[in-house]
Amino acid sequence: MKNSEPKQCRKFFGHGIPRVKPEELEGKLFVVEGADGSGRSSQIAHLVDWLETSGHPTVQVGLKRSTLVSKELEEAQQGNILSRTTLSLFYATDFADQLENIILPALKAGFIVLADRYIHTLMARDLVRGMDEKWLKNLYGIALVPDAVFYLSVEPEELVQRNLSKNATLDYWESGMDLGFSRDVFDSFLKYQTAMAEAFVKLQKSYGFEAVDANRSINSVSRELRKKISAMLDEK
Amino acid sequence: MKTFAELNFPGRLIAVEGLDGSGKSTQIYLLKRWLEAEGIKVYFSEWNSSELVKSATSKGKKRELLTPTTFSLIHATDFADRYERHLLPLLRAGYIVLCDRYVFTAFARDVTRGCPPDWVRGLYGFAAQPDLTLFFKADLEVSLNRILEGRPKLKFFEAGMDLRLSTDPYESFKIFQGRILDQYMSMSNEFSFVVMDANQNVEKQQVLVRKLVSEKIDLKKFKRKTPLPLPPAWQGDVAIKDHEEDLAAV
Numbered sequence: 001m002k003n004s005e006p007k008q009c010r011k012f013f014g015h016g017i018p019r020v021k022p023e024e025l026e027g028k029l030f031v032v033e034g035a036d037g038s039g040r041s042s043q044i045a046h047l048v049d050w051l052e053t054s055g056h057p058t059v060q061v062g063l064k065r066s067t068l069v070s071k072e073l074e075e076a077q078q079g080n081i082l083s084r085t086t087l088s089l090f091y092a093t094d095f096a097d098q099l100e101n102i103i104l105p106a107l108k109a110g111f112i113v114l115a116d117r118y119i120h121t122l123m124a125r126d127l128v129r130g131m132d133e134k135w136l137k138n139l140y141g142i143a144l145v146p147d148a149v150f151y152l153s154v155e156p157e158e159l160v161q162r163n164l165s166k167n168a169t170l171d172y173w174e175s176g177m178d179l180g181f182s183r184d185v186f187d188s189f190l191k192y193q194t195a196m197a198e199a200f201v202k203l204q205k206s207y208g209f210e211a212v213d214a215n216r217s218i219n220s221v222s223r224e225l226r227k228k229i230s231a232m233l234d235e236k
Numbered sequence: 001m002k003t004f005a006e007l008n009f010p011g012r013l014i015a016v017e018g019l020d021g022s023g024k025s026t027q028i029y030l031l032k033r034w035l036e037a038e039g040i041k042v043y044f045s046e047w048n049s050s051e052l053v054k055s056a057t058s059k060g061k062k063r064e065l066l067t068p069t070t071f072s073l074i075h076a077t078d079f080a081d082r083y084e085r086h087l088l089p090l091l092r093a094g095y096i097v098l099c100d101r102y103v104f105t106a107f108a109r110d111v112t113r114g115c116p117p118d119w120v121r122g123l124y125g126f127a128a129q130p131d132l133t134l135f136f137k138a139d140l141e142v143s144l145n146r147i148l149e150g151r152p153k154l155k156f157f158e159a160g161m162d163l164r165l166s167t168d169p170y171e172s173f174k175i176f177q178g179r180i181l182d183q184y185m186s187m188s189n190e191f192s193f194v195v196m197d198a199n200q201n202v203e204k205q206q207v208l209v210r211k212l213v214s215e216k217i218d219l220k221k222f223k224r225k226t227p228l229p230l231p232p233a234w235q236g237d238v239a240i241k242d243h244e245e246d247l248a249a250v
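Line order of the protein sequences matches chains D and C. The first sequence maps to residues 1 to 236 in the numbering used here. The second sequence maps to residues 1 to 250 in the numbering used here.
Read the hints as simulated data drawn from the structure, not as lab findings. Among the hints, erroneous ones may be present.
[Unchecked claim] Some chain C residues flagged as far from chain D (calculated, every beta-carbon gap over 12 Å):
| # | residue |
| --- | --- |
| 1 | Met1 |
| 2 | Trp47 |
| 3 | Thr77 |
| 4 | Leu90 |
| 5 | Ala93 |
| 6 | Gly114 |
| 7 | Lys153 |
| 8 | Ile175 |
| 9 | Leu181 |
| 10 | Val213 |
| 11 | Leu219 |
[Said to hold, decoys possible] Here are the simulated EDC-like pairs of lysine to aspartate or glutamate, each with C-alpha atoms no more than 16 Å apart in a straight line:
| # | chain 1 | residue 1 | chain 2 | residue 2 |
| --- | --- | --- | --- | --- |
| 12 | D | Lys137 | C | Asp118 |
| 13 | C | Lys153 | C | Asp139 |
| 14 | D | Lys134 | C | Asp118 |
| 15 | C | Lys54 | D | Glu75 |
[Claimed, not checked] Sample of chain C residues facing chain D (criterion: CB under 10 Å; computed from the structure):
| # | residue |
| --- | --- |
| 16 | Asn48 |
| 17 | Leu52 |
| 18 | Ala56 |
| 19 | Lys59 |
| 20 | Gly60 |
Keep in mind the model is a prediction, meaning the values are calculated, not measured. Glycine is no exception: its CB is placed at the ideal position from the N, C-alpha and C atoms.
Hey, can you work out the whole structure from these sequences and the hints?
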């Protein structure tokens, strides 16, 4: 008990989900955001290890993992046949399905939920593609405000190196090839990731999350995340 | 919300709305047949029919995976797909697009399911207002009888069973449809619905539908330069089968 201030109130970004009372959600929701190659999955794996060995039950969620639409979303993406609004709403459906069927029940049961990306990536992608910010804010008004968001920020040049050393290729969507910045994947990747980083900075202002310098080694980033999460778990 | 005419689209969009069993599908089908026969560029689009999204929707419905929020979002996805890939290009090419249900179906249903009205309207913020919206208003009893007469097996979401209004699907369906009708009526003025008396006989209604359409839209501007060959027979069969239920009910 460091101070007598009331515990920060749980809330949704907007209207939320019908008939869900945020004050009943006792667990914690931590979000790790960042591009492919920013070290998200490694960081989450480390956090799960650490949290579970310390006796905290955890649950993981991430984009395109819903029972409802993940398969259909993957298929649609393979052909790049969906228009922007449709793709955006499809992702929102995938998010909502996990929110209602995994995140909210787990928090109600007092679990720690680790989200491998959340609405911020979805919004940033759409903003870069010219979609209306007000429309997006309304759409994602269903989302629960996380206890913390760690945005793993990595220079685009470093992302190229990490992605190539892992897969020897740059992903079509992570290179923003659908935007037509350039026919050259390498160029397009740099331009797209720069635009995404700018979109994150913009979102950071309205959503107030934390940027973590992830140009560093996995271990030093991991130490920083553990320290921050520890402090928040102690507050309880 | 601006209409397609106000947005300077060369095409026009006509939507029909109403409860299941109001006879709206029969009316729009007959309207389509007439416009085609007149040599007009016409396209028909049905609610919940996007190929891409269909498999997810039917899985969600069959396995009862849908919540009010995901129900709403998946239908918005379906609509967006049809809107962006079919409706918009056709409207830009000067077609008359006929929609069996439009965003108002979502406004009425999703709000009845408990989604906040502003949120649902916001989702569909990308869609323009139809140039003509015909609302087929039958007495609740009449629509219910048309659907329930044969004691069909009502589907879970169709009957609004997810709302836990009653454990009896028929009872649930009745309460659910009544609430949807209330929602429709409360937005009738806001979205300039032309309310049709759907208790009247089908032919009389169709005469009025055609009159309203020709008054609202200068149809000769939408004629094809070269006439289309008659559609192959199987297309007619499919369309007829789709509307069998409505026709049988009337």
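Outcome of the hint check:
1. Met1: holds, 14 Å
2. Trp47: Non-interface label on Trp47 of chain C holds, nearest chain D Cβ at 15 Å vs cutoff 12 Å.
3. Thr77: Nearest chain D Cβ is 4 Å from Thr77 of chain C, so the label is violated.
4. Leu90: holds, 14 Å
5. Ala93: holds, 17 Å
6. Gly114: The assertion about Gly114 of chain C is violated, with a minimum of 4 Å to chain D.
7. Lys153: Label holds. Min Cβ-Cβ 24 Å, cutoff 12 Å.
8. Ile175: holds, 18 Å
9. Leu181: With a cut-off of 12 Å, Leu181 of chain C remains clear of chain D, as the shortest Cβ separation is near 21 Å.
10. Val213: holds, 29 Å
11. Leu219: It holds; Leu219 of chain C is separated from chain D by about 30 Å at its closest Cβ, greater than 12 Å.
12. D:Lys137 with C:Asp118: Status holds; Cα separation ~12 Å.
13. C:Lys153 with C:Asp139: Violated: Lys153 of chain C and Asp139 of chain C sit about 22 Å apart, past 16 Å.
14. D:Lys134 with C:Asp118: Answer holds: Lys134 of chain D to Asp118 of chain C is near 12 Å, not above 16 Å.
15. C:Lys54 with D:Glu75: Distance of about 13 Å is within 16 Å: holds.
16. Asn48: Since the shortest Cβ distance to chain D is 14 Å, the answer is violated.
17. Leu52: With a closest approach of 5 Å, the Leu52 of chain C hint holds.
18. Ala56: Since the shortest Cβ distance to chain D is 4 Å, the answer is holds.
19. Lys59: holds, 7 Å
20. Gly60: holds, 5 Å
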